[in-house]
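Novice: Given next are the chains, with one letter for each unit.
Number of protein chains: 2
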Amino acid sequence: MERKQIKENVILVGIKPFMSYMKSVNTLFRGKNLKEIEIKARGKNIKKAIDIAESSRKKFCHDLNIKIKNIEIDTEHFISKEDNKEISVSTITIFLTI
Amino acid sequence: MERKQIKENVILVGIKPFMSYMKSVNTLFRGKNLKEIEIKARGKNIKKAIDIAESSRKKFCHDLNIKIKNIEIDTEHFISKEDNKEISVSTITIFLTI
Numbered sequence: 172m173e174r175k176q177i178k179e180n181v182i183l184v185g186i187k188p189f190m191s192y193m194k195s196v197n198t199l200f201r202g203k204n205l206k207e208i209e210i211k212a213r214g215k216n217i218k219k220a221i222d223i224a225e226s227s228r229k230k231f232c233h234d235l236n237i238k239i240k241n242i243e244i245d246t247e248h249f250i251s252k253e254d255n256k257e258i259s260v261s262t263i264t265i266f267l268t269i
Numbered sequence: 172m173e174r175k176q177i178k179e180n181v182i183l184v185g186i187k188p189f190m191s192y193m194k195s196v197n198t199l200f201r202g203k204n205l206k207e208i209e210i211k212a213r214g215k216n217i218k219k220a221i222d223i224a225e226s227s228r229k230k231f232c233h234d235l236n237i238k239i240k241n242i243e244i245d246t247e248h249f250i251s252k253e254d255n256k257e258i259s260v261s262t263i264t265i266f267l268t269i
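Residue numbers (this note's numbering), protein chains in the order written: chain A, 172 to 269; chain B, 172 to 269.
Be aware that a few hints might be false.
Covered by chain B, per the in silico footprint, the following chain A stretches (three or more residues, Cβ under 8 Å) [stated by the list, open to error]:
no., segment
1, 209 to 219
2, 223 to 236
3, 241 to 252
4, 260 to 266
Hint data in this document are derived by calculation from the structure and do not stem from the laboratory. The structure presented is a predicted model; accordingly, all values stated were derived computationally and were not measured. All C-beta atoms, glycine included, are put in the ideal place defined by N, C-alpha and C.
Given only the sequences and the hints, what does the whole structure look like? Please build it.
Specialist: This is the structure we're talking about:
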């Protein structure tokens with residue numbers, strides 16, 4: 172999930188407004204004509220990633236007939252800069268196809 | 172996800188403390204000897220459900236060699252009692268097996 176490794180078909184869900192990510196889904200499927208995209212998030216943004224996938228499928232890009240190909244969850248580990256302790260955070264990757 | 176339909180192998184993630192759900196995972200797999208359980212949550216509890224699945228697998232029940240069989244996301248719709256408007260909420264079900 173490092174920024175420098177982002178693939179063209181990956182949407183990293185962060186602090187941007189919800190509709191900004193909905194536009195990204197639309198751009199990747201319609202503008203760039205991709206057949207598969209990945210929505211990735213970690214920690215508190217996981218719910219937002221699922222909301223984006225669900226709203227794309229059932230509402231904003233309903234006509235594209237988007238399908239969930241797979242959903243993966245995992246754990247990432249960091250060393251906190253403040254107290255040097257290890258922090259674990261859950262991650263999700265939702266693979267959508269048309 | 173209605174309470175009256177809860178199956179024995181389902182953990183509904185809500186407002187209880189994190190460790191309470193970890194104990195439930197342990198009880199279902201070890202105490203009741205089940206081979207498959209479902210962790211369900213909706214809305215803001217989705218992140219907690221994933222944290223529970225990940226911590227069970229990699230930390231607290233590490234020796235059980237728990238595997239993720241499947242992850243499903245969906246949307247539930249309610250009619251708000253306050254203003255009679257429809258509310259949509261994302262849901263997750265994580266299927267764990269040993």
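Novice: Now tell me, hint by hint, if it's right for this structure.
Specialist: Hints and how they fare:
1. 209 to 219: holds (count 4)
2. 223 to 236: holds (count 3)
3. 241 to 252: holds (count 5)
4. 260 to 266: holds (count 3)
Every hint, counting from the list given before, is met by this structure.
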